[in-house]
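K.L.:
So the sequence shown is numbered by my numbering: it starts at 369 and just counts up by one.
Simulated from the structure, these hints should not be mistaken for lab results. This one's a predicted model, so the numbers in the text were calculated from it and none came from an experiment. Ideal Cβ placement from N, Cα and C applies to all residues, glycine included. A portion of the hints provided could be inaccurate.
[To be verified] For lysine to aspartate or glutamate, the following EDC-like pairs were computed, each having C-alpha atoms within a straight-line distance of at most 20 Å:
hint, residue 1, residue 2
1, LYS437, GLU417
2, LYS762, ASP824
3, LYS374, GLU417
4, LYS458, GLU468
5, LYS411, GLU431
6, LYS531, GLU592
7, LYS695, GLU592
8, LYS662, GLU696
9, LYS460, GLU417
10, LYS406, ASP486
11, LYS695, GLU653
12, LYS863, ASP936
13, LYS437, GLU592
14, LYS482, GLU471
15, LYS863, ASP918
16, LYS762, GLU653
[Said to hold, decoys possible] Listed next, with one range per pair, are the computed distances between beta-carbon atoms:
hint, residue 1, residue 2, range
17, ARG870, ALA683, 43 to 49 Å
18, LEU434, GLU468, 26 to 32 Å
19, ASP817, ALA839, 23 to 29 Å
20, GLN547, GLU928, 19 to 25 Å
21, ASN780, HIS530, 55 to 61 Å
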Amino acid sequence: MPESEKKQITLHGIPAAPGICIGQAYLVGTNSMEVVRKYPVRKEDVTEESARMRQAVKKSETEISLLIKKMQQDNSQQSFILESHLAVLKDKMFFGSTIETIEQQQVNAEWALKITVDRLTHNFNKIEDEYLRDRSSDIFHVYERVMRNLVGNDDKGIDTIHKRVILVAPDLSPAEASQIRVEWVQGFVTDRGGRTSHTGIVARTLQLPAVLGLGNATTQIHTEDVIIVDGIAGLVIVNPDENTLVDYSEAEARYENHLFEISKFSHEPATSLDKRTTEVSANIELLEEVVSVKDKGADGIGLYRTEFLYMNRRALPTEEELFENYKEAVDLMEGKPVTIRTLDVAGEKVAKGLMAPHEDNPALGQRAIRFCMRHPGILRTQLRAILRAASHGKIRLLFPMISSVEEILAVNQIVREVRQDLESHHVEFGRDVETGMMIEVPSAAVCADLFTPHVDFFSIGTNDLIQYSLAVDRGNKNVAHLFQPLHPAVLRMVKRVSETARDAGIRMAMCGEMAADPLHIPLLMGMDFDEFSMNPQAVPVVKSVVRSLDHGQCQALLEEALKLPTADEIADLITGTYGDLVFQHPLYAQDAPQDQPE
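Please model the entire structure based on the sequences and the hints provided.
P.N.:
Structure below.
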């Protein structure tokens, strides 16, 4: 079909990495997505069919092992992702269940593999925790690799690309991501995944615009289609008309120019007009993200999520493995503070052999500090590694999901015991490590004054605090509009915590997505936060906003906002006062074109 006859369509997904790019689509990883058909296998051929499956798995193991070796030689942190793929391959629920299906149902290996993976991903998708839910992509990447080896498909590798393109895929596996060269790849579009999926992390690490979780992008987009990726609004526009191309070309230029201008000063302190300085730090999950943290001028790592080293493994990470990881983070930050959060996952997805009982609602179950107190050996090992790494630089220790004073007393006692043990064995460790707690449960926010004698700082995790306070699953599209950071209840709760921290003389930080939005900064400035922490790409923007504000005026604005009854009215107040300031920034760089009428 001639280009002029192609109809413009707009696809809606999850904005995983900010930015705008316009270019030609390049589909990858779609060969294995062909329809898998079921056919019976004669009884006398079942052994041969099982052997075919075993051979495909063995070939997949060899391929992954070679990739891990290459990544380790390149000092790539993503080798850990592929190690989790090896664990999936060897897991009884994956490999054993597939063989069992072949033998018991006498069906072909492709079909047996498909129904095994369908069942596993269905179980993963019922998990409420976003981070864990996104780990279902590991299973699917393994499935695609084994399926390719079963049917003999050889996909064109990303490393064969030698022109500027936008990748479109069902998802990008770690193996595919490791082949990406930023001189050729402009951005990502995928059917699956989310902000916390590996693909989302890779996109932000490489600083490429990405929209994920589109569901049907690979059926709506073809190789060489012209597409626009809006990683700010979460839109992908296929076959844009001339007006849309012009609008987005201008928006892309504005975005890049403004980002360039504010990035000139991103390494300078975020000091308000009336000389109050706020630290602006970055959240990370992988060591590779530290490059972006430093490039964007962050004042430190305000949240190092440590779950990654524990996920989908056959064995728990050793103290030495954790120590080396944390020490490298500290070394790379060259004296800037690193806040390490202890393990925050449910036990059912940590390491093999630690399977926790099934929970219908794991987000409200045995996760984070609750899981660690149930398995204190895991916590002690992690604490030993953190305290040892603290002898090489400034580390703050952060405990997640604290909901009662009893919990913080218990974990503080474990910290004391670990310190005493290190001391008695003459092991070098950091002696001035500050300990803090996440405020992400309403009970912790309401009783903040009861916690101040037992911690050195608070860090508000707004993502969970808003979700729990408003009874809204932010991953549920049916109620996502009710997830309101400016809801009066949320603002009052956050203000109460900030006042409590200030009165007690302890440090106050915010590490949720709320801190990354320029619209929210004037009110948060009025609450006297010491630190905001966010995705690295947002750091220059937030620093620029802080420098344009007067702290005293922000306090007055906050008092007015707290009198208003709705989130919309509060947003209108902010935009009416600081609209020119907020909307000049890249996160609000353009108005996204609307879907074209059918």
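K.L.:
Look at each hint and say if it fits the structure.
P.N.:
Results of checking the hints against the structure:
1. LYS437 x GLU417: violated, 31 Å
2. LYS762 x ASP824: Judged against 20 Å, a Cα distance of about 14 Å means the pair holds.
3. LYS374 x GLU417: Given pair LYS374, GLU417 is violated - Cα atoms ~45 Å apart, limit 20 Å.
4. LYS458 x GLU468: holds, 14 Å
5. LYS411 x GLU431: The given pair, whose Cα atoms are some 31 Å apart, is violated under the 20 Å limit.
6. LYS531 x GLU592: holds, 11 Å
7. LYS695 x GLU592: violated, 45 Å
8. LYS662 x GLU696: With Cα atoms ~14 Å apart, LYS662 and GLU696 stay inside 20 Å; holds.
9. LYS460 x GLU417: holds, 18 Å
10. LYS406 x ASP486: Holds, at about 14 Å.
11. LYS695 x GLU653: Distance ~15 Å between LYS695 and GLU653 Cα, so the pair holds.
12. LYS863 x ASP936: Holds. LYS863 to ASP936 sits at ~19 Å (cutoff 20 Å).
13. LYS437 x GLU592: violated, 34 Å
14. LYS482 x GLU471: Judged against 20 Å, a Cα distance of about 15 Å means the pair holds.
15. LYS863 x ASP918: Holds. LYS863 to ASP918 sits at ~18 Å (cutoff 20 Å).
16. LYS762 x GLU653: holds, 18 Å
17. ARG870 x ALA683: 43 to 49 Å: For ALA683 against ARG870, whose Cβ atoms are near 45 Å apart, the range 43 to 49 Å holds.
18. LEU434 x GLU468: 26 to 32 Å: Check passed, 29 Å falls within 26 to 32 Å.
19. ASP817 x ALA839: 23 to 29 Å: Given about 25 Å between the Cβ atoms, the range holds.
20. GLN547 x GLU928: 19 to 25 Å: violated, 53 Å
21. ASN780 x HIS530: 55 to 61 Å: Given range 55 to 61 Å: holds, Cβ gap about 57 Å.
Against the hints set out earlier in the document, violations occur for numbers 1, 3, 5, 7, 13 and 20.
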